[in-house]
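S.K.: Below are the chains, spelled out letter by letter.
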Amino acid sequence: MTSQGLLKTEPMVEQLELMGCIQCGKCTGGCPVARKTALNIRSLIYHMLVEPELDVNAHPELWDCTCCFTCVERCPKDVRPAELVIGLRGQLVESGQIPDTIGAALTGIFRQGNPTGMAREDRSGWTNGTQVKAAQQGCQVLLHVCCTPAYDPRVQVVPRALVKAFTAAGLDFGTLGTEESCCGNEVRRMGEAGLFEMLVEENGELIRSVGASRLVATSPHCFNTFKNEYSLAGMEVVHYTQAVAQLLDEGRLKFSNEVKKTVTYHDPCFLGKQNHIFDEPRAVLKAIPGLKLVEMDRNRERSLCCEGGGGRMWAEGTNLAERLAFQRVHEAAETGAEVLAVACPFCLLTLEDAVKVQGLDEKLRVMDIMELVDLALA
Amino acid sequence: LGTVIPSEARNLDKPAALVIGGGIAGIQAALDIADAGFPVYLVEREPSVGGRMAQLDKTFPTLDCSACILTPKMVDVGRHPNIELMTYSEVVSLTPREKPGSSLSEGASTSPEATKPGFLVQVRRKPRYVDVSKCTGCGSCAAACRMKGRVPSTFDEGIAKRSAIYVPFPQAVPLKYTVDPSVCLYLSRGTCGKTFLCKDACPAGAIDFEQQEEIVNLEVEAVIVATGFDLLDARLKPEFGYGVYPEVMTGIEFERLSSASGPTMGKIVVNGKQPKDVVFIKCVGSRERRREQAALGSEQAALGSEQAALGGVPYCSRVCCMYTAKHAHLVRDKLPDARITVFYMDVRAFGKGYEEFYDRVRHERVVYRRGEPSEVYRRSTPPSPSVGRGDGGEGRLVVLAEDTMLGKPVEVEADLVVLATAITPRTDMPQTAGLLGLACSPDGFFQEAHAKLRPVDTALDGVFLAGCCQGPKDIPDTVAHAKAAAASAMKLLVQHSRQPSPTHSSSTHSSSTHSSSTHSPEGRPT
Chain U
1 MTSQGLLKTE PMVEQLELMG CIQCGKCTGG CPVARKTALN IRSLIYHMLV EPELDVNAHP
61 ELWDCTCCFT CVERCPKDVR PAELVIGLRG QLVESGQIPD TIGAALTGIF RQGNPTGMAR
121 EDRSGWTNGT QVKAAQQGCQ VLLHVCCTPA YDPRVQVVPR ALVKAFTAAG LDFGTLGTEE
181 SCCGNEVRRM GEAGLFEMLV EENGELIRSV GASRLVATSP HCFNTFKNEY SLAGMEVVHY
241 TQAVAQLLDE GRLKFSNEVK KTVTYHDPCF LGKQNHIFDE PRAVLKAIPG LKLVEMDRNR
301 ERSLCCEGGG GRMWAEGTNL AERLAFQRVH EAAETGAEVL AVACPFCLLT LEDAVKVQGL
361 DEKLRVMDIM ELVDLALA
Chain C
1 LGTVIPSEAR NLDKPAALVI GGGIAGIQAA LDIADAGFPV YLVEREPSVG GRMAQLDKTF
61 PTLDCSACIL TPKMVDVGRH PNIELMTYSE VVSLTPREKP GSSLSEGAST SPEATKPGFL
121 VQVRRKPRYV DVSKCTGCGS CAAACRMKGR VPSTFDEGIA KRSAIYVPFP QAVPLKYTVD
181 PSVCLYLSRG TCGKTFLCKD ACPAGAIDFE QQEEIVNLEV EAVIVATGFD LLDARLKPEF
241 GYGVYPEVMT GIEFERLSSA SGPTMGKIVV NGKQPKDVVF IKCVGSRERR REQAALGSEQ
301 AALGSEQAAL GGVPYCSRVC CMYTAKHAHL VRDKLPDARI TVFYMDVRAF GKGYEEFYDR
361 VRHERVVYRR GEPSEVYRRS TPPSPSVGRG DGGEGRLVVL AEDTMLGKPV EVEADLVVLA
421 TAITPRTDMP QTAGLLGLAC SPDGFFQEAH AKLRPVDTAL DGVFLAGCCQ GPKDIPDTVA
481 HAKAAAASAM KLLVQHSRQP SPTHSSSTHS SSTHSSSTHS PEGRPT
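Note that the protein sequences, when read in sequence, are chains U and C. Counting along the first sequence from 1, when you hit position 70 you're at 70 in my numbering, and nothing is skipped either side. Counting along the second sequence from 1, when you hit position 219 you're at 219 in my numbering, and nothing is skipped either side.
The set of hints was computed from the structure by calculation and includes no laboratory data. A portion of the hints provided could be inaccurate.
To give a feel for the contact side, a few chain U residues facing chain C, derived at Cβ under 8 Å [unchecked claim]:
| hint | residue |
| --- | --- |
| 1 | GLY25 |
| 2 | ALA34 |
| 3 | PRO76 |
Backbone N, C-alpha and C define an ideal beta-carbon position, used for all residues, glycine too.
Please model the complete structure; the sequences and the hints are all you need to start from.
M.R.: This is the structure in structure tokens:
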């Protein structure tokens, strides 16, 4: 890229095989943020195809993309449009043209192994003093806590409930403690390819050294990158909902308490759309005695993105007024559910915030599936 | 164990052809060969001939009523003296005729008999549990059946319900009833009340639950494969909500809805109401380059049938552009005030009269918007001010798309969404290919011998292809293909008639000579 922000289009057209695009518009048609901001990925692809240069700085809406990958999932020609957003963000990162908040998150990950920038030594704060085995001593199951569940006081309850459930099921599991670092899923999607490569190398080495047969990730984002972008040969990567569903299925985990609540479930993009895990979270919820599961109109493959992915937890984007999370919590409330269940730390935070802003707190409560599981366990 | 089908009219001294599949391709090929004076066995899996064309309402671009132009041909194959119609039957084996010289010394193989083409064929006649020689097609049995109105009609794409004993549609050939063993209470559960209502109702005493399947041995000199196509299961495109919303239907379902002889007598009614906004979505599952296929690499490219199971096929299905234009016309014809939108990626109107028809339909206030929709959902919240249009009503379906000409996302409300689903190879293509010894091309359809110069031949001498089993085709192309296949088969039949061999009269057509009075030819006036 030149100093004026002009990017030569040809190399990226080649690298991402954009010539396969037939401009059908299915990407932009289904893009949840294109409906409210200037982001038009189909039009950007066309520009890449027909113009020699692109002025990347003229497209601040590139930071609006949540990397929900609806475009990638539905493209009939396998073009992977969101990868162009990631590639163009990479150009902006290289030239330092990034929002301050994104820069701060990347710096935090580089220095402290987490996007909040909080101290690495505090990473085990979520345990509240509960002893959790150090995976470094060897264990069958490696529980990857992930950054937001480890540091965010609202989400810390999720790994705590997982420890309780895994212990009840008699699982041989451990965590990496303060040695655990950001998985880099959002780092790659924010365009910081170099830092992502470094994380893959360092985390990969540490995780492989544990010798566990299975990695359980708390966040669908970490689950996604470990499963699809790391080489953890011999280690099965699952999301916690899969692990819990299996424990229930095998009879190793039993619920003893009733949870008399009407619950609707929001499919996270990185778990549902991108990795096609739709049934296990629902199986866990349905196994809870007394719980009634109702569905929103847009569910499974058509779930509406909460707008927390792709670095959007650290960048507001260009249209604050029409947040997707606002729309989503209204959809949830209309089902008559008292609880909007989620299985992702970002969804938990964005939707809970939206419930407050939209004045739905009396009607609807956002809970992680593990919070409901915790209520059902003795 | 062979059974002869007596056929007093058949030319037993002439070589015969087998046609597999009784859709328009098989019907046309059988008629051409039979009219030339050669005997034809026409084998159809379903209880009636007619195939997909029998389901269609009008045909593009001339808007002829499909049944009106097809039914006479169906009747012709039913009563043609040279056609042995074998419905509700399936070919179970096809073996190239053993060459007399093959077990002898090489010198013997130079006789004409040694190079004679031909096939031994076994056909399984499934039990109808109805004696077709007695059944008059009166329908008393279906009216009496305990399952009446409870079995989704395959012919009507599930929109109407039938009985367990049924004819697929009123113009069926043969007009003989069949018991569906999967839903008949007696056949599936072993009991149907104290008495058989169908048996009691039948004035001809035609119902026979003791019927067994039969294997029929045939000997033929040429084979035409006309096994047709399937349609992509629209549930494999979950973004469009097919199977979730009653307002979302496939093109073939729309044909039944629009047909004057269909379950609504041609009234376009959805959820009990006439739709105000109708949206058509083209290329549903067609023209897709599958990631899974790309990942396998070109050498291990998945066959079309496997790709179809994943939700998309790489080719253009060739008929959707025109049938969607026809559907839009039919909606305009029946609902003059409806707002009609066709979302498209390209419009391919390549046939005779097709572009002219597309022109006509646009002038009928059908709005073509360029952009492949990405999603259908039910509006529960008021529309976003920047993109919404329509009545703003809650509870209506919304089609999300980008209008690529405007360069912006749009939401179009709809009371009816019609999906133009891809034509796919039949799901049992691999088994059929194995049975017949044929190869499939990468798209999953049968492979022709040469893509340009031998479009109906196969690698197997004496076996020819007709219609959509070779690739997606519209009706004119299918009929042309079938006529070409018939001509190629007749070339062999003529050649073979000119070389009568000493063994010929004793070996042709049937391998044994049981008498079997129960098999009167179907569909013929008796």
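S.K.: Please name the hints from earlier in the document that this structure breaks, with their numbers sorted from lowest to highest.
M.R.: Of the numbered hints given earlier, the structure breaks none, since each of them holds.
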